[in-house]
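Peer 1: In order, the protein sequence lines correspond to chains A and B. Residue numbers for the first sequence follow the UniProt record's numbering, so the first one is 1 and each next one is one higher. Residue numbers for the second sequence follow the UniProt record's numbering, so the first one is 1 and each next one is one higher.
Calculated from the structure, these hints are not laboratory results. Among these hints, one or two may not hold up.
Identical copies look the same in the list; a pair holds intra-copy or inter-copy alike.
When the alpha-carbon atoms are kept at most 30 Å apart in a straight line, the in silico DSS-like pairs for lysine-lysine are as follows [to be verified]:
no., residue 1, residue 2
1, Lys-257, Lys-436
2, Lys-29, Lys-89
3, Lys-627, Lys-9
4, Lys-627, Lys-526
Each chain, written out:
2 protein chains.
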Amino acid sequence: MLSFLDAVKRILVGRPFRTERLKQAPLRKRLALPVFAASGLSSIAYAPDEVMLTLALAGVTAMAISPQVGLVIMVVMFVIIASYRQSVKAYPSGRGDYEIASVNLGPKAGTTVAAALLVDFVLTVAVSLSSASHYVIAAFPALAGMQAWIATAGVVILTLLNLRGRGRSRLANAAPVYLFIGALLLMLALGGIFAAMGTLGQAPSAGFEVIPDPAYPDGLTGVAGLLLVLRAFSTGSAALTGVEVPISNVHTLAEPKARNAATLLLMLGLIAAVLTLGTMYLARAVNVHVVEDPATGLSLDGGPVPAGYIQDPVLGQLAHAIFGGESVGFFAIMLLTVAVLLVASHTAFNSFPNLASNLATDGYLPRQLRTRGDRLGFSNGILSLAFAAIALIWVFNAHVPTLIQLYVVGVFVSFTLSQLGMIKHWGRELAMTPDKRPRARIQRSRLLNMVGFVLTAAVLAIVLGTRLIHGAWLAVLGIVVLYALMDSLHRHYVAVDEELAIDTGQSPTALPARVHALVLVSTVRKPVLRAVAFARASRPSKLDAIVVDADSEQTEASVAEWERLGIPVPITVLASPYREISAPLIEYIRSIKRDSPRDLIVVYIPEYVVGRWWEQLVHNQTAVRIKNRLHYEPGVVVASVPWRLSSSDSAAYGGSTEQASPGHKTISAVPPVSNAKD
Amino acid sequence: MLSFLDAVKRILVGRPFRTERLKQAPLRKRLALPVFAASGLSSIAYAPDEVMLTLALAGVTAMAISPQVGLVIMVVMFVIIASYRQSVKAYPSGRGDYEIASVNLGPKAGTTVAAALLVDFVLTVAVSLSSASHYVIAAFPALAGMQAWIATAGVVILTLLNLRGRGRSRLANAAPVYLFIGALLLMLALGGIFAAMGTLGQAPSAGFEVIPDPAYPDGLTGVAGLLLVLRAFSTGSAALTGVEVPISNVHTLAEPKARNAATLLLMLGLIAAVLTLGTMYLARAVNVHVVEDPATGLSLDGGPVPAGYIQDPVLGQLAHAIFGGESVGFFAIMLLTVAVLLVASHTAFNSFPNLASNLATDGYLPRQLRTRGDRLGFSNGILSLAFAAIALIWVFNAHVPTLIQLYVVGVFVSFTLSQLGMIKHWGRELAMTPDKRPRARIQRSRLLNMVGFVLTAAVLAIVLGTRLIHGAWLAVLGIVVLYALMDSLHRHYVAVDEELAIDTGQSPTALPARVHALVLVSTVRKPVLRAVAFARASRPSKLDAIVVDADSEQTEASVAEWERLGIPVPITVLASPYREISAPLIEYIRSIKRDSPRDLIVVYIPEYVVGRWWEQLVHNQTAVRIKNRLHYEPGVVVASVPWRLSSSDSAAYGGSTEQASPGHKTISAVPPVSNAKD
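Take the sequences, apply the hints, and build the full model.
Peer 2: This is the structure:
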């Protein structure tokens, strides 16, 4: 059974890698740019849509201001990028906002940032792949309705790729992003030229009328209108996620790391701004009409839209208008968008396990998340991310307009705390800098972070204010729960560390006075004889065989057999009026302890090793229960003496040690301080 | 957590009983009769209904022959009773048909009988309590639709009563059965008198017309009609279940056990015959019209029956006709029927765990079924029965006409094999008896069992022929699966016994040459120091501390700390290029074994004992995995050195040993044959 699962694992994941393979050549800028930018750029696949369909609630004229909303978002982005360019120089370790918040604002803020980022990475995967599934459906309408399956398939593929780990070429990540940027620039340029020539086509949805929501009778006027614009802005802020990627991955860059990261940030910002704004202006020019639910939000000549109408994403409608519906250009744009969304999810598959591993090292998450798997990836982190993302995809049926409500909360919590941390950072620097010139530079830096703080805090307030009831509460809840979990786990680890620390006065060479060995006997068969032999070999000060009299017939038979065989160990029968095994045994051990408190008691328990899972159900149940119970008794060591039933031969872990053989090398690191034989 | 569950258990089940309490006064006949008869008599609650509604498929005139069908069933019953009266004298151990089949026909037949009876006991509970739920609804129509819940509540109540075990008064079982017999006799007598006076009322359903099934256009004529009569007969055979109860419980009777059991069998038969036939004749007289589905099978003045019409069982309709609808008599009959059905299920709750325990002792079921619980009942058997019965109740929504199709198969498999076994038994007796007189007696006995065999085999054939597709296949499947399970488990136990038996030539005093102890070190903290101290206390021939280098930073820190503390044990670092712990360790152990094959290797593993369930998730994962893997290595003993974290204090099993204290008494049964200290 095990070897079969092992074989499946080998096929899916590949042969294990040696630890030395961790060392990897640093990333050069031209390969780093696409990887670092994918997350930020991929939002062009959904952010313009979300801005437009939010504004569409107030009617088609309201949709016309979407490019202006996009412009404001880009301004915010540049402020954040400018401040991150400073941060990455001050904290070039790759531990990112988590480190900035921890160091400057204390562990509570650090934990909050970490919780927020973990939630955000999960949402990056869920939103990107849900969006990708709609691009797949736009290209292949026959798949309509399968969006959750498609997105799940994406998660599974990425999970396997990441479990396979460091085998992949970096080019495979870089190429689609460059192609996407190129294709989008080409499309926007063509669109611009057509528009100038007056030959620009119309979007497939241009002919539909947008039915305004009854809640917005006067378009964007009044408080309701203002709130709607703010909601569109906060939804569109999804375009800002991914800006934190360079600072979280700066350690993988070629030297000079920090300067390269700063350059990459700027390039990312410029490309994102051109593509996002170009898309939004062009979408207005070709009259893209998108709404949350086409069946109720759109009409055609006063009647409903045709049955089975599938609303393509904005990029799809642009490609349709510029290249034509079934054209190569259309399919290329669709395909490349899906590829970029996959690369963006892939960066989350890198960031999440990385952050989780950092948190595990600091004792905020279970230690298992620190372990590198066969292929050197943090397998447990990768699997946790995959499960969480798949759960979200199915709960929301891969519906981007709903998922997007949860998004952004996490990243803006982290932005805001990071800005605050940097303000503190500069304040400290200032206190340590007497010279005038450097002081002026530091003050300028601090001012930038102050502007950044006000801006990101304002966006966070807008996001929470306009979207809390639309779904953001779930993200907030996730962050709070994760925070509580990490905090209590950390307290636990700290408490255990203190409890287990070796006291300065403690002599590491103190020994228990005497060893009193007990062999637990049920039926007198080979395993018991072996347990007795092993117990005798350990030369205890005192050795007893113990039978607990839970079944008088069996007890008598065992004692008789013991005498018949002439085993040179005294046997003691413990009365058990309530047919229990553990209670009389523990009572007996306690009575020994009362008489000689400094004795060490070793209980030898014969145990079966079985090969089939159901055999475990019919053997050892009592042994396991007794062992668990004896663990609670102070001063007792439980020694399992295994007896391998013949059925266990096939299940033995024979093959797996071969694997280790080539690398096995025993080195005696420390010479014996004294001889152990005393 | 544990102490809370313990408290709940104490409230539900009560304080544990001492083993001595098992000895119980034997049952006298007048208390045994009701208990032994309940199962047989309780079928009056549903068997007449099933006969009538099966015949109703061929129309109302076909229903008129139901008393004749009942008469044939009673004839079969008396043959079976007569043969059981012989069997119980030959096999008075209380192991019943299982023993008769095992001894005379071999273990395969015995296992078949056991599997059949286990299935049948589950069905007894499911059918009886489903039927009881309909009586409850007849008395309280507001509960209509809740039948599965009511039946489940019955199972839960009986389970708790049986887990509480021997505390109950036998009178509580006996009284309702006597009252039921009395009340039914009174009702039948009154009905007879009213009929003679011509003042007998009509059943509530007398006014309805029965709509014949289109499959039976000519009533009971032809082959279809004959098959329907046979089906009615086989369904009505449910009245025969319960005849096996006396032979399965003969050991609880007062002396002379076998003769008392035979007398009880006869009395049971007479009472059952009078009540069953009386009920069926009277039901015809008051024109009870019952069908499987009143909505399609009944009509009123050519139209459908009123909406919400609840079809009362036959006994209910009789009570209605004789005592009146809302009368005390009606409610008394309903209540007593429910009580008798509960007592009948209760006998199954006795028989199933008893048989399961016998099977476990013989190695056909897991040993856990042999363990007596706190209150001396076979708790695991009781719980298994309860789960199986509840599953059946919910799968069939407590619908008796469907459940009854599964019933009877098991009991007739066991009847038939038991008769065959008795024929063999008499054959053997005959071979050993030379005298003429006793030979004639034996031949008469054998003839009776031959008649019984032909009859029960014929009924089994009819049951399988007419009901296999109606649901009996599920019971057959259950028997086959259970047989396969018991058979393979038995093979396993036999194989293990052979494997573990101590060879005659084997010296029980052979000792391993030397002991080589290894202490597994991860971080150097208190638990490791304790493990080292314990290992040194056991004075091994050789002692090594082992660090597996899965994480180079941690390894260096551990080795440095080891040196700093001056622990007088050499430390060995094992290389682990694939970051595994077990594989390098096992490779190292194998290399030791290669050098000195007769050495015993003891691996000391420091282990945390934690108090909260989630702490188990974040500790010990590696220790548990290593232990499991080391169990497969021959010649290795794993010694767990527990370190109790402070959180484990509250969860320690402190209280439970007090319970054992009063009965605790250590007796040295065998004087030391030689001194263990060598």
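Peer 1: Next, verify each hint and record whether it holds.
Peer 2: Structure-based check of all given hints:
1. Lys-257 / Lys-436: within (28 Å within a copy, 112 Å between copies)
2. Lys-29 / Lys-89: Within. Shortest intra-copy distance 16 Å satisfies the 30 Å Cα cut-off; inter-copy 96 Å does not.
3. Lys-627 / Lys-9: between (33 Å within a copy, 23 Å between copies)
4. Lys-627 / Lys-526: both (20 Å within a copy, 21 Å between copies)
Checked against the numbered hints given earlier, this structure breaks none of them.
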